[in-house]
Amino acid sequence: MEDEKHLENFQNYVDAEKKIEPKDWMPEAYRKTLIRQISQHAHSEVVGMLPEANWITRAPSLRRKVILLAKVQDEAGHGLYLYSAAETLGADRQMLVEQLLDGTAKYSSIFNYPTVTWADMGAIGWLVDGAAIMNQVMLTRTSYGPYARAMVRICKEESFHQRQGYEAITALAQGSPEQKEMAQDALNRWWWPSLMMFGPTDDNSPNSQQSMKWKIKRKSNDELRQEFVDRTVGQAEAIGLTIPDPDLKWNEETGHYEFGEINWDEFYNVIKGNGPCNRERLKARNEAHDNGEWVREAANAYAKKKKSKAA
Amino acid sequence: MSEKDNWPLWEIFIQSKPGLNHKHVGSLHAPDAEMAIENARDVYTRRSEGISIWVVPANAISASSPEDEGSFYEPSNDKVYRHPTFYEIPDGVKYL
Ligand SMILES: [Fe+2]
Ligand SMILES: [Fe+2]
Numbered sequence: 001m002e003d004e005k006h007l008e009n010f011q012n013y014v015d016a017e018k019k020i021e022p023k024d025w026m027p028e029a030y031r032k033t034l035i036r037q038i039s040q041h042a043h044s045e046v047v048g049m050l051p052e053a054n055w056i057t058r059a060p061s062l063r064r065k066v067i068l069l070a071k072v073q074d075e076a077g078h079g080l081y082l083y084s085a086a087e088t089l090g091a092d093r094q095m096l097v098e099q100l101l102d103g104t105a106k107y108s109s110i111f112n113y114p115t116v117t118w119a120d121m122g123a124i125g126w127l128v129d130g131a132a133i134m135n136q137v138m139l140t141r142t143s144y145g146p147y148a149r150a151m152v153r154i155c156k157e158e159s160f161h162q163r164q165g166y167e168a169i170t171a172l173a174q175g176s177p178e179q180k181e182m183a184q185d186a187l188n189r190w191w192w193p194s195l196m197m198f199g200p201t202d203d204n205s206p207n208s209q210q211s212m213k214w215k216i217k218r219k220s221n222d223e224l225r226q227e228f229v230d231r232t233v234g235q236a237e238a239i240g241l242t243i244p245d246p247d248l249k250w251n252e253e254t255g256h257y258e259f260g261e262i263n264w265d266e267f268y269n270v271i272k273g274n275g276p277c278n279r280e281r282l283k284a285r286n287e288a289h290d291n292g293e294w295v296r297e298a299a300n301a302y303a304k305k306k307k308s309k310a311a
Numbered sequence: 001m002s003e004k005d006n007w008p009l010w011e012i013f014i015q016s017k018p019g020l021n022h023k024h025v026g027s028l029h030a031p032d033a034e035m036a037i038e039n040a041r042d043v044y045t046r047r048s049e050g051i052s053i054w055v056v057p058a059n060a061i062s063a064s065s066p067e068d069e070g071s072f073y074e075p076s077n078d079k080v081y082r083h084p085t086f087y088e089i090p091d092g093v094k095y096l
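Protein sequence lines correspond, in order, to chains A and B.
Mapping to the working numbering: the first sequence position 120 is 120, numbers consecutive.
Mapping to the working numbering: the second sequence position 21 is 21, numbers consecutive.
Don't read these hints as lab results, they were simulated from the structure.
C-beta: ideal position from N, C-alpha, C; glycine also.
Heads up, a few of these hints could be off.
[What the hints assert, rightly or not] No more than 30 Å apart at the CA atoms, straight line, and that leaves these computed lysine-lysine pairs for DSBU-like: (1) 79/B x 18/A; (2) 94/B x 23/A; (3) 23/B x 307/A; (4) 17/B x 156/A.
[To be verified] DEER-style ranges, computed between Cβ atoms: (5) 22/A x 77/B: 24 to 30 Å; (6) 6/B x 29/A: 29 to 35 Å; (7) 23/B x 12/A: 27 to 33 Å.
Please work from the sequences and hints to get the whole structure.
Dropping the structure here:
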């Protein structure tokens, strides 16, 4: 089936900026790449709820609490949109969930860092959601239709996530000296992991090229990372915080910021499972799943009862 | 394995305002139609995106096949007279 002709037609179709839909012919590798990418993305949304859920009960005001609740609920929704996009490619939902629970699936490494102060809620919304948005805005133009459409929905919701985070960290940055210190400390801890969210440098990212050719990805890791830095520096300055990078400087010629070397050893180490919270996240996710068992059972019992009544 | 494995997939259609068509927004799993509607409310209408929800078992949908895209829709291509721009109307004639 997978002859030259099919591949060529497929490439032409993608090059013409047409969207691939679930029942269209696609190369096996395209399908596999997408299932892996979309399910990892879904897992990231789901695990991403954990670091923030840590602060829901301790939010400093009712206002902040309802905001955080709504944001975390959105992330659950994002996970669901993405799982259903992966299913359109023939992936099995139950299997994807199991892969997350047994630790064989990957999710974004950023969520393996701990949230130690309230200021981290600000830093996450501002930086982590901010970095995710760069990537997700790009993906609204990805070549696979259901993935692109899920991204449109997600991006609409993400802008609130980033703004609420920036507002929360601004409140601290403009507060007492202790609060300001807390805000700066959060930025110090989240800055570099946020830059790592875009993945390895382009010359260390061998699969990227094929993804770009198939228009799954539309911009390279380094391009997105640069855009993120360019946007974020001014936002930090505006609230009197300092990006923790002594090498950061504006380059008049290129019109971009230059920034220091990322600690790639740390990046690969966290991916391998040795980040500060890898084990904790997996354990929490498994507990949540097990604790939800009775809800799933109750739903089944309820459906069965209604069915037998109707019969 | 629990019975969760057997939860069917539902395709979700949402009407955003009175008078508009229901539009496909995605899918979800649920044990029955009623719970699918409740879940769809939480998953797809958190920001007042809709006033009415349809849920359809995914396996109840039949679809045209993409391979015959060309020939299947071909019959309408040569019927340009189905479009108003096909007709010539004298200059100056209004409301037509
Ligand atoms: Fe999200
Ligand atoms: Fe978010």
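Is the straight-line distance between the alpha-carbon of residue 17/B and that of residue 156/A 30 Å or less?
holds (19 Å)
Given the hint that residue 94/B pairs with residue 23/A, does the C-alpha gap stay at or below 30 Å?
Violated - the C-alpha atoms of residue 23/A and residue 94/B are around 47 Å apart, more than 30 Å.
Status of the given 24 to 30 Å range, CB of residue 77/B versus CB of residue 22/A
holds (25 Å)
Would you check the hint for residue 79/B and residue 18/A, treating anything up to 30 Å between C-alpha atoms as holding?
holds (25 Å)
Between residue 23/B and residue 12/A, does the beta-carbon spacing fit 27 to 33 Å?
The hint (27 to 33 Å, Cβ to Cβ) holds, given that residue 23/B and residue 12/A are roughly 30 Å apart.
Between residue 23/B and residue 307/A, is the straight-line Cα distance small enough, at 30 Å or below?
holds (28 Å)
Hint says 29 to 35 Å; check whether the CB-CB distance for residue 6/B and residue 29/A agrees.
holds (31 Å)
Checked against the numbered hints given earlier, the structure breaks only hint 2 and satisfies all the rest.
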